[in-house]
Amino acid sequence: MQQITKECIRSLYYGSLFTACGGGEYSDHLPMSVERHIAEHGPVPLLSLEEVPEHSQVITVGIMGSMLEASLQTGTEGVQIVRRLCEERGLQVDALFTIEASSLNILFPILVAGLLGVPLVDGDCMGRAFPEFQMTTAQAVNERIAPMSLLTPGGEYYHFEDLENLLFEVKAREIVSHEAGIAYFSGFPLDTARLRSVLLPGTVSFVRDIGNCFIGPDSYTDLFRRIIDVTKNSIYGCAIELFVGTATEIGSSYEGGRPWSRIVLNGTGDYRKSTFSLLAQNECLIAYRDNRIAAMVPDLITLIDLRTLMPLSLSALHTDMKIAVIGIPAPVRLKSKAMLKVLGPDCFGYSEEYIPIEQIYYSWYFS
Amino acid sequence: MEQLIRSLQDYFSCTLTYWEGDPPRSDMAGGELPEHGDILPVYHQGNTRVWVAACRLQGICTLLWEFPGIRQMTPHELEHLLICSRLISMKLAEQRKDEEIHLYRQLVQLLGKRSHEGVILLDTLGKVVYQNNIARSRRIVDRYHAYMQQSEDKMVESKREHTVYLEGTAPLQLDITNMHTGDIFLGRVIHAHSGSGSDTTDIVSRSLDGDGFLHILGKDVRIVKTMKIARKAAATDATILLRGESGTGKEQFARAIHGISKRRDKPFIAINCAAIPENLLESELFGYEEGSFTGANKGGKIGKIEAADKGTIFLDEIGDMPLHLQAKLLRVLQNREFERVGGTKSISVDVRFISATHRDLHERMREGAFRPDLFYRLNVIPIHIPALREHPDDIVIILNYYLKKYALQTGRDFSYFSYDALRVLLSYQWPGNIRELENVVQYCMTMSGSGCIELEDLPPGIVPEYSERTGPEVSSGEQPIGRQRLVQRTQGKRRVSRSDIDSLLEIFGDDTEGKRRVAEHLGVSLATLYRRLNRRSS
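Residue numbers (the numbering used here), protein chains in the order written: chain D, 1 to 367; chain Y, 1001 to 1538.
One or more hints might be untrue.
[Said to hold, decoys possible] Listed next, the in silico DSS-like pairs over lysine-lysine satisfying Cα-Cα at most 30 angstroms (straight line):
1. K1262(Y) x K1228(Y)
2. K1262(Y) x K1301(Y)
3. K273(D) x K1127(Y)
4. K337(D) x K1405(Y)
5. K337(D) x K171(D)
6. K1113(Y) x K337(D)
7. K1219(Y) x K1232(Y)
8. K1232(Y) x K1310(Y)
9. K1328(Y) x K1310(Y)
10. K1266(Y) x K1328(Y)
11. K1113(Y) x K341(D)
12. K1405(Y) x K341(D)
13. K1219(Y) x K6(D)
14. K1345(Y) x K1310(Y)
15. K1405(Y) x K1225(Y)
16. K1225(Y) x K6(D)
I should point out that these hints are in silico values taken from the structure, not numbers from a laboratory. On a predicted model such as this, the values are computed, not experimentally measured, just so you know.
The following block holds chain Y by itself, in its conformation from the complex (with noise of 0.2 angstroms):
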């Protein structure tokens, strides 16, 4: 464009200036130029008047020419300036437009990356404009197509919006837009939504697609027996109490014994017995009539159990459930029947009952807050889920599993932790375990700039609060490294340097106390630490 200017400034010999919305003298033409374009006297040096070409395209520019001095101009002259003035305005429309496209097509792109299902852009050729990730590693594109070439529904291209359900290992539903300027045809959006959630590749290990266990982490003991006692008790029909402190994965644990039970074709329906207000969650669990209430809905509303009908419920925080719904519960679990809120007639229904609680049963029981025939009744399996730094040996490989994880949901390149920021990560000790480490991994790829997360990328409230420069990789750099690191390097090492030694007098007191606390942590006896801080002194 400037190029453009420049040129035309040569070739006419004067000043070009351009701008957009109104004009900025009110000697121009009074501010009003025409919409497509006109030779306009206009009149400033001392009332000399001064022609000049303008005009106002789409209402997005105006531009002008102004001459120096004063210059007759030849018909011919002035209908070639009116030309190239109505050039150039078309020229910057089509810039602004070009600008706007831009800005759009970022905002799609910002929006397809935070969607958590395929997006797809199509032109009018059913090439692909634009596909988010999760599209692009889905194959949504290659499946629609396999579609349209199948398909007898030749309206569908007409139709301004339809929906497409694909069948197979990974049913997919395909929302699909058609957008149009007028008459013509633009290309199509599709938003494809995976129901199940479950796969959508049609590449998978098929005897084992399914298997939820294959997507729960570890090798510790404890965790394996939890998973061979779960497996077991997914074979068979019997209620299961999950216990684990929160985040251990209860509900995942629930999913993959639904999907491997005899009910996994059947519905799994999952409900937070503590996230929903006392006064709804009984008829959110059992639903209700119409006119049982206030703002009821007309025709009532079936329940969360009714609708696991033949499939696997799952009451998370059990502990939390309010007493008189306790004993409409129990009602459920001893004679598969219930009443909606507000209904007579009673309700069979064939469910499996998994629940859950991060809370201590049997100090709701003597507080008189869990009924004990409830609590028997649920507890028929009990299955502890450890939390995670009670299998320490597994937090390395659910880093892994999470630091790719969130590489692919959210398009950036994969990073991994350094050896110093991992053993800091080792030595924490999770109180939100899995979930909260996997908000530690989202904190420290957003913080680390490079494909290495070091120590200063891992959030405040992991690294120890304790700051210290020693040992051999870190005495020339500025990283700091945790107390708990510091403890466990020191343990009981007869050589220790002399830093190493404050640091540990910082940690555990300068008194006559903490002095034995780091000669016992040492391994040394009191008397020897004296002696080497005398030696360090003197």
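Bound-form chain D, shown alone (with noise of 0.2 angstroms):
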């Protein structure tokens, strides 16, 4: 069995801010709170799929809403809405897992499972970030996510028992935007057998081993040959540089209904004859190279800042920084037709159909 030590911490918070492929938010309070926590109470176990024992029951916890105020909890939040979700609902928790493997909502649940003195399981909903409750692979296996409870900052506390996944997210976010931004969630229990048919495995340790490359790197080409050697031996697949250049717009429209941001890139050395255009929402969904597909969701399109070697948020993004644009297979699992439904570029208003990166870099992948 693994163990989330002390020194993992930064190692996940890195790869946390990696696999939120432009989404999520810097927070120096969360790490250190988890650092903290560990040191003084030991680390928390994380269990592999195969290692949850028979007959456990097994729930998740996390935070929604803005992650910059996300960034600020002790963890104490988390431990109430579990503790009034299972004494409500008569539940015993032998586990928590995480229902999206990136930003806060990796050190968050960590921080509320070493209070609860419970492991952590390794594997979660998403492999990644998404924006929505639905978008999970729950959603694909047909798995209601409720019940499940949501709790405010101010100490509304909301259960939801059966509820379809897309209106459980339409009226999670209605009590988020009407609170102080932020609601933590807890619920979706899952028996061993259906934990294991419903997560993507392996992803916790994944970030933890992606954020590790993050950790004193000589250079970018280092940095990039680490990333290399931990996304080929993966699940995921071997991460590819798609583009290093200057970001010269950021722009923001409404279209389809869907807020959208649109990054220039200028591209630099090898690719000084280029343009990259990045298109987000929350995080980076779609790529262009020269006005050709580069990549697309659900496949993970992430920053790295070249200045600091760092994982980049698109909320710390400015012009006339240097980028590189790395790109990462999604988990086979996600690229599924009924995965597609759920997380397809046209599950964010984007009409064209999904290429995925293997295909466009074939030699590259299978040469």
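Assemble the dimeric complex from its two separately framed chains, guided by the hints.
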């Protein structure tokens, strides 16, 4: 069994920013809180799907809404909502799992697991960042995530016993927008068998391993080689450098009922004759090089700040920054027909059909 | 078409029939209908003469109106009927043509899908009518158009067949065939080969491109260590002996070593010593001079070793090389020179040797089937490639790789393994190693009807012969689980279900020895097992 030790937290934090695909928020507070807790109370066990004992009861916990607000949390709110949910429904929690293996929704469940004294499961329902609750592996296998509870920072508690996933998303967003911009959620109780059929395995340890690449690389080339070593030996697939350039335009528009950010990069070095565009909604979803598709959701399109050699969030991006755009294939399950209906490009209002990154760069992957 | 016929029948108040080929009735103009249509009298209904309009257009179809009763038709009506007759014949001919085109199109798509190279069909304006997945993924059309824009060879368009070589990091050979009917240009077929099988996209991480080790998967300490040794060996010119079971990827290692060596821009020549008949192997390896044996090519032929000059030769299955050739090979290794079969002149070569075998060469030497002096020449840097079962943690990674590869190659939707199917694959011993795993993935993707590959989609040889229904996740279903899984699941467990105990007894046997092994397996005493069995039966 693996352990989430104090030394892992920095890696998990960097990795969670990387799998946030341009979403996510920087926070020193939450990683430090987790480190402090582990230093005082010991590591949090990380159970692989096989290691989860038969007949266990496992639930998720996390934060939705503004990650800037969320980054200031201490974990006690998570403990509160898990305990209340369990008391009201007579649940016993044997372990927690993350619904989204990215951003603060990895560190927060670790902190809550530590405070509750239960293990965390090494797996999640998204394998990266996605903005909505129905964009999960659960949706693709017709699992409802309800019963699910929400707790607002003001202490308001909401429980949804049986609700379709999209409706839960809508109701939860309504509550978040009327409250302080965030809410804590907990629920989606799964027994061991259902847990194993729903979760993507090994995603928490993948985030840790990818984050580890960002600790002390000699150079961007060294960093990229490390990322390749981790990604090629994972359920994701080998990373590929999509572009290196300078941000020249950052704009936004409202199209198809959705808010899009558009980032334009001018190439440098080998890419100097090219331009690159990113279309994003919280996360980077579509990438073009010279007006040709370079990568599409659900494949991961993620950014590295070449000055700091750190994962870059779109919220911190400004013109003149030099960045590298890295593509990582999504796990094969996220590319299945059922999953593409849940999180393919058209789920974000983008009408083009999904082209797998391995198809665009076929020889890089399969020569 | 049916609607048209109905309208005509209503308009002329007649019955309309049509057919293809010869007329079904012999009294219809003697079975010979005019090519461009005519008004013909036919006799039926008791020698009553009936006027019909009929035609056989382009030899494809014929049609006929039969009028009930006797009626004198005006010349104008007859003329009108004839025009309609022709119209329907033409429509039918078009319909048949469309079906034929559809059939051809499906054939092209099928062949394109099965091709390992890019296939593109362009219309007269250069627009893509069809391209297969490989052409699409390698963006061959874009490269072709870019070439055509820059090309000064304007004759390209008028030549019937020609070949274009596209340079760059991903060289491509395009065989282009212009299609005509008579003098009319119809379109163009492009058949793209990437001679080296290397990259055909310009967007790659260039500094790492060509590093074959990138495509060797595995994070297990054994495989990582093997790669480290191979990388170090690649930096030298030393002879390498790769050892490992069949299907472990020895050639992939050899190619990776060559790909990062100083010889990477020179040839990599592979030859399987076990696959070539003994009497041909010598000439394949060393080449031959003209007239050296019956059937020898005029002018002779260079051998693989000579072809690999300045590069690398990979001698696969070296353990199967006949003894008499081993001596000749030894001389090449020692002196870097040899003679062609039937030749007297010594030929010098500068070749790096990488050999591989799945055989135990020490055993072969003891048997006298392999020369010790050759062994020591080949075994300068021995590299052992572990069998897949020795690094089981890498199985999932490799399975995922091939799931993606075959989905893209075959144009199928992506599939993934269910948890239960994956558990069985992880506990399987993989005697055929990665090659077997590749085949299993192909089998499963073919058998699986949905995106999720379940236990029942696995090949029969993979799922253990024992079948049991138990455990919370399968208790209500009908899915079999494997013996190995049951054994693993119950190992050391103090509380197991009654059905699990029954199942274990079936595996280990119902006699005392079997019960002793079940008790040992469960980590309980024999007495405890008997107590549980008694409790169950009472």
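Restraint status (C-alpha distance of K1232(Y) to K1310(Y) at most 30 angstroms): Status holds; Cα separation ~20 angstroms.
Pair hint outcome, K337(D) versus K171(D) [Cα-Cα no greater than 30 angstroms]: holds (27 angstroms)
30 angstroms limit on alpha-carbon distance, applied to hinted pair K337(D) and K1405(Y): The hint holds at about 16 angstroms.
Distance restraint between K1405(Y) and K1225(Y), which requires alpha-carbon spacing of 30 angstroms or less: holds (26 angstroms)
Restraint status (C-alpha distance of K1113(Y) to K341(D) at most 30 angstroms): Between K1113(Y) and K341(D) the Cα gap is close to 25 angstroms, so the pair holds against 30 angstroms.
Hinted pair K1225(Y) and K6(D), Cα distance within 30 angstroms: holds (29 angstroms)
Pair hint outcome, K1405(Y) versus K341(D) [Cα-Cα no greater than 30 angstroms]: holds (21 angstroms)
Satisfaction of hint between K1301(Y) and K1262(Y), Cα-Cα up to 30 angstroms: Status holds; Cα separation ~27 angstroms.
Pairwise hint evaluation, K1127(Y) against K273(D), where the allowed Cα distance is 30 angstroms at most: holds (26 angstroms)
Agreement of K1345(Y) and K1310(Y) with the hint, judged by alpha carbon distance not exceeding 30 angstroms: holds (20 angstroms)
Restraint check for K1262(Y) with K1228(Y), where alpha carbons must lie at most 30 angstroms apart: holds (17 angstroms)
Given pair status - K1232(Y), K1219(Y), alpha carbons within 30 angstroms: Holds, at about 18 angstroms.
Checked against the numbered hints given earlier, the structure satisfies every one of them.
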